[in-house]
Amino acid sequence: MSTYSLSDGLASGAPRLSRAPLLATWIRESGVGVLASIAWIALGLSCLWWQDVGDWTRTHSLGIAAFVIAAIALFGTVGADYLGSAGKALHTRAPWLLALGAFLTVWEIATAKFAWLPLPFFPPPQAIIEVYTDDLPKLLDSVFASVKLQLGGYLIGATVGFLTGVSIGWSRAVGYWVHPVLRFIGPLPATAWLPIAFFTFPSSWSASTFLIALATGFPVTVLTWSGVTSVSNAYYDVARTLGAKPSFLVLKVAIPAALPHVFVGLFMGLGSSFAVLVVAEMIGVKAGLGWYLQWAQGWAAYANMYAALIVMSLLCSGAITLLFAIRDRLLVWQKGTVKW
Amino acid sequence: MVATALAEAVAHSAAGAALDIEQVSHAFDIDGTELAVLSDVSISVEPGEFVALLGPSGCGKSTLLRLVAGLDKPKAGRLREDEERIRSPHPSRVVVFQDPTLFPWRSVWDNVALGLEAQGILKSQRHRVDAALDLVGLSSFRNAYPHQLSGGMAQRVALARALVNDPKILILDEPLGKLDSLTRITMQAELVALWQRKGFTTLLVTHDAEEALVLANRVIVFSDRPARVKADIRVDRPYPRHRGDPYLADLRRQILGLLGLDATW
Chain L
1 MSTYSLSDGL ASGAPRLSRA PLLATWIRES GVGVLASIAW IALGLSCLWW QDVGDWTRTH
61 SLGIAAFVIA AIALFGTVGA DYLGSAGKAL HTRAPWLLAL GAFLTVWEIA TAKFAWLPLP
121 FFPPPQAIIE VYTDDLPKLL DSVFASVKLQ LGGYLIGATV GFLTGVSIGW SRAVGYWVHP
181 VLRFIGPLPA TAWLPIAFFT FPSSWSASTF LIALATGFPV TVLTWSGVTS VSNAYYDVAR
241 TLGAKPSFLV LKVAIPAALP HVFVGLFMGL GSSFAVLVVA EMIGVKAGLG WYLQWAQGWA
301 AYANMYAALI VMSLLCSGAI TLLFAIRDRL LVWQKGTVKW
Chain A
1001 MVATALAEAV AHSAAGAALD IEQVSHAFDI DGTELAVLSD VSISVEPGEF VALLGPSGCG
1061 KSTLLRLVAG LDKPKAGRLR EDEERIRSPH PSRVVVFQDP TLFPWRSVWD NVALGLEAQG
1121 ILKSQRHRVD AALDLVGLSS FRNAYPHQLS GGMAQRVALA RALVNDPKIL ILDEPLGKLD
1181 SLTRITMQAE LVALWQRKGF TTLLVTHDAE EALVLANRVI VFSDRPARVK ADIRVDRPYP
1241 RHRGDPYLAD LRRQILGLLG LDATW
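In order, the protein sequence lines correspond to chains L and A.
Position 171 of the first sequence, counted from 1, bears residue number 171 in our numbering, the numbering being contiguous throughout.
To convert a position in the second sequence, counted from 1, into our numbering, add 1000.
Cut-off 27 Å, straight-line C-alpha distance, at most; resulting in silico cross-link-like pairs (DSSO-like, lysine-lysine):
no., chain 1, residue 1, chain 2, residue 2
1, L, LYS252, A, LYS1073
2, L, LYS245, A, LYS1123
3, L, LYS148, L, LYS138
Covered stretches of chain L, going by a simulated chain A footprint (3 or more residues, C-beta under 8 Å):
no., segment
4, 235-248
5, 253-267
These are calculated hints, taken from the structure and not from any lab test.
Every value quoted in this text rests on a predicted model; they were computed, and no experiment measured them.
Cβ atoms here follow ideal geometry from the backbone N, Cα and C, with glycine treated the same way.
Looking at chain L on its own, in the form it has when it is part of the complex:
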């Protein structure tokens, strides 16, 4: 009896959801996507409507690109049901797409069209795009040089730091000799070594590698060390009663148990090595994004500086993402790790 009346109610209830609430749902679901589309249309219009106050070659292309993005946003929103995961991805990112479109529109109007912000210190978006299209080879060369220098120095620093940390955590004798040196040298900012490094090393490249390794090595050493010493004795007892030799205790007990600490060290080392990389490139090395920034400033090429900054930020963020991905892989056994 009760089930009968329930299904009856459902059947009669469905048509009663008339058009007005449907529209409200649609607006709630897709409104942001449509607004995002409108924001990008506004960017396109603002590019093409007024004359540029300066001489930029990519204004027209930027306008067209804005319209294309607006069209993608609109169709992606309207047809979200047919696009599967892509439609869902667009839906969750719609607020950001809206904010970005609005920001770029304001930026475009405030710089290229009415110059409310002083030129050339605040170049319009099309000027930065121009850098990416016209100065690409030089930019790519710089990216390559920076990545090469950073990767070499970081890997050396991380390896040496890890091995040092394990050694002083494990052996009292090593700790006796290394700990004071670590305390004396470690807290010194690696950049303080710049003047000495650049004339004691055979090349500015090797000097920079050394400095980056130094900046990476200190936090990695300290955290690996603290990780190894904080391993509970109970783990060693268990392993020893099961027949473990000292090498097993280091490789299969101490190091895996210390790994969460090691990754904190690797993360901190990555941050401080970025700083050293940029400073080293600005001062000594004649290549890389730091050098590109310096060079652009010399020519008052502010658009190039912003372009290089954006690339640099993507690279640094990418490096951290990569590190976190490796960590998540190795530390699946931990629960509740931070999602980068």
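Fit chain A to the given chain L structure using the hints.
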């Protein structure tokens, strides 16, 4: 717990070893002053015996277990396993601690495999890990990580990790102390079954007189620190034992009296 044919097939361990504890005394240095924890303890354990060590908390029972395991060296006296001096840990004497102390970075299977891996024989002996997991009924959790296990399951894994080595002496340091009472009763029965099947010598530290009487065929009562043997009681009752057994109840009253608790019981 499922006792499968596979588990039976691998239950090939030789019987337990004899253990001789001869006039063992031990002390800790705490800020320069010497704190005696064991005083002239002599116990002779027959191969295959199940001996419970009972005493007030902090009396030095666990210290004695560490000496038997070879994790520490006694200040005086000798310990021997089958006439051979105990000088260092050996996989023939495996300890199950109060905390399961599973390695959180290893899966259940890898935790159980620890002993064989440490001895460098895992490659040819992988089936023993599977058999040990079967023995404690956790085969379906082989890929789980320790943080996904309940307390009872974790302690079962710790037991499997010990048993996979086919120990001659199994050393249990209050392994059931932190479990809830239901899990505890179940695991007591499992322990007796495993011991009967495998025949290893068992040394169990506990502070629970009832647990000692249900499990062991010999209960040794220790005095307060420094611990000395106060009584050595034979428990001649067939297994499985019942908690309500008047014989055991009588022994329990005696033991609690030795521990100075007769007034309350």
